[in-house]
Amino acid sequence: NAGVTQTPKFQVLKTGQSMTLQCAQDMNHEYMSWYRQDPGMGLRLIHYSVGAGITDQGEVPNGYNVSRSTTEDFPLRLLSAAPSQTSVYFCASSYSVLAWGKNEQFFGPGTRLTVL
Amino acid sequence: AQRVTQPEKLLSVFKGAPVELKCNYSYSGSPELFWYVQYSRQRLQLLLRHISRESIKGFTADLNKGETSFHLKKPFAQEEDSAMYYCALKKGGSEKLVFGKGMKLTVNP
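Protein chains in written order, with this note's numbering: chain S, 1 to 116; chain U, 1 to 109.
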């Protein structure tokens, strides 16, 4: 199993550009989520999904969109990039809360995004 | 709302010294508590969870509901323990994790 994969690893954008960060998992996990990691701020939840076709907002959703058309993929879209979105983005997945004892979240390697 | 507090951002110790990484939480229900670790240039990974009551890489953590704490301890730190450590909480019935701001542990030779 590849686990959780993310592309690209690095990206530089200009203010106003849009892009999609890709995330995929091959563990048949129902739950997927996106976090941003900033110095001194820890990890903050952007959006999450409890299954295909179902998404919801996390703590810091503004400026980001998500969709979940398949169980495997959960892309994160930046609509109009801003310097405040410079961060490291992590995707994570896990079984649903119903799978008692199997709810460890597995993280991807991260995407380092710089917005100029 | 649930909240996780890691009061110290940095901790530097010498090899062989004991370490304690503090974590306090606020949540009115029965939470699940976790410690995640991120070694340099690696992804976050689960270190341990309170329901397992296990010791991983010499680390232990006990959930103290009275003090709402979940401190991570290791009696003799090793250089390879140097990493960022995050305490996280999951409320019952939810998959969502709430993370603390993290703490950087440096173990010097």
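Don't read these hints as lab results, they were simulated from the structure.
In this text, all values refer to a predicted model and were calculated from it rather than measured experimentally.
Possibly wrong hints are sitting among the right ones.
[What the hints assert, rightly or not] Some chain S residues close to chain U (C-beta under 8 angstroms, calculated; not the full set):
1. Phe-10
2. Tyr-31
3. Gly-40
4. Gly-51
5. Ala-52
6. Ile-54
7. Ser-94
8. Asn-103
9. Phe-107
[To be verified] Below, computed lysine-lysine pairings styled on BS3-like, alpha-carbon distance capped at 30 angstroms:
10. U/Lys-9 - U/Lys-91
11. S/Lys-14 - U/Lys-91
12. U/Lys-96 - S/Lys-9
13. S/Lys-14 - U/Lys-22
14. U/Lys-73 - U/Lys-96
15. U/Lys-101 - S/Lys-14
16. S/Lys-9 - U/Lys-73
17. U/Lys-91 - U/Lys-57
18. U/Lys-96 - U/Lys-15
19. U/Lys-15 - U/Lys-91
[As the list claims (entries may be wrong)] To list a few chain S residues with every Cβ distance to chain U over 12 angstroms, as calculated:
20. Met-32
21. Met-41
22. Thr-71
23. Ser-93
24. Gln-105
Note that beta-carbon positions come from the ideal geometry of N, C-alpha and C, so glycine has one too.
How the hints compare with the structure:
A cut of 8 angstroms between beta carbons decides the hint on S/Phe-10: the least distance to chain U is about 13 angstroms, and the hint is violated. Restraint check, S/Tyr-31 versus chain U: the minimum CB separation of about 4 angstroms is within 8 angstroms; hint holds. The restraint placing S/Gly-40 at the interface with chain U holds, with a minimum CB-CB distance near 6 angstroms, inside the 8 angstroms limit. Hint on S/Gly-51 is violated. Least Cβ distance to chain U is approximately 10 angstroms, over the 8 angstroms limit.
Residue-level restraint check for S/Ala-52 is violated (minimum Cβ-Cβ distance to chain U is 15 angstroms; threshold 8 angstroms). This hint is violated: S/Ile-54 has a C-beta 12 angstroms from the nearest C-beta of chain U, more than the 8 angstroms allowed. The interface hint given for S/Ser-94 holds, since its Cβ lies 6 angstroms from the closest Cβ of chain U, which is under the 8 angstroms cut-off. Of the supplied interface hints, the one on S/Asn-103 holds, with its beta-carbon coming within about 7 angstroms of a beta-carbon of chain U, less than 8 angstroms.
Residue-level restraint check for S/Phe-107 holds (minimum Cβ-Cβ distance to chain U is 4 angstroms; threshold 8 angstroms). For the hint pairing U/Lys-9 with U/Lys-91, the CA-to-CA distance comes to about 24 angstroms; that is within 30 angstroms, so the pair holds. Distance hint between S/Lys-14 and U/Lys-91 is unfulfilled; the C-alpha atoms sit about 38 angstroms from each other, more than 30 angstroms. Taking the CA atoms of U/Lys-96 and S/Lys-9, the gap is near 24 angstroms; set against the 30 angstroms cutoff, the hint holds.
Of the supplied pair hints, the one linking S/Lys-14 and U/Lys-22 is violated, its CA atoms being roughly 40 angstroms apart against a limit of 30 angstroms. A hinted pair counts as satisfied when its Cα atoms are at most 30 angstroms apart, and U/Lys-73 with U/Lys-96 qualifies at roughly 25 angstroms. This hinted pair checks out: U/Lys-101 and S/Lys-14 have alpha carbons roughly 28 angstroms apart, not beyond 30 angstroms. For a cut-off of 30 angstroms, the pair hint linking S/Lys-9 to U/Lys-73 is broken: about 33 angstroms separates their Cα positions.
Under the criterion of a C-alpha separation no larger than 30 angstroms, the hint pairing U/Lys-91 with U/Lys-57 is consistent with the structure, at around 26 angstroms. Between U/Lys-96 and U/Lys-15 the alpha-carbon distance is near 35 angstroms, which puts this suggested pair outside the 30 angstroms criterion. Only pairs whose Cα atoms come within 30 angstroms are accepted, and U/Lys-15 paired with U/Lys-91 is rejected, the gap being roughly 36 angstroms. The Cβ of S/Met-32 sits about 9 angstroms from the closest Cβ of chain U, inside the 12 angstroms cut-off, so the non-interface label is violated.
At roughly 6 angstroms, the least C-beta separation between S/Met-41 and chain U is not larger than 12 angstroms, which violates its mark as non-interface. The claim that S/Thr-71 lies off the interface holds: its Cβ sits roughly 14 angstroms from the closest Cβ of chain U, which is beyond the 12 angstroms cut-off. The non-interface label for S/Ser-93 is inconsistent with chain U: the shortest C-beta to C-beta separation is roughly 10 angstroms, within 12 angstroms. With a cut of 12 angstroms on Cβ distances, S/Gln-105 falls inside the contact zone with chain U, its closest approach being about 6 angstroms.
This entry does not satisfy hints 1, 4, 5, 6, 11, 13, 16, 18, 19, 20, 21, 23, 24, going by the numbered hints stated previously.
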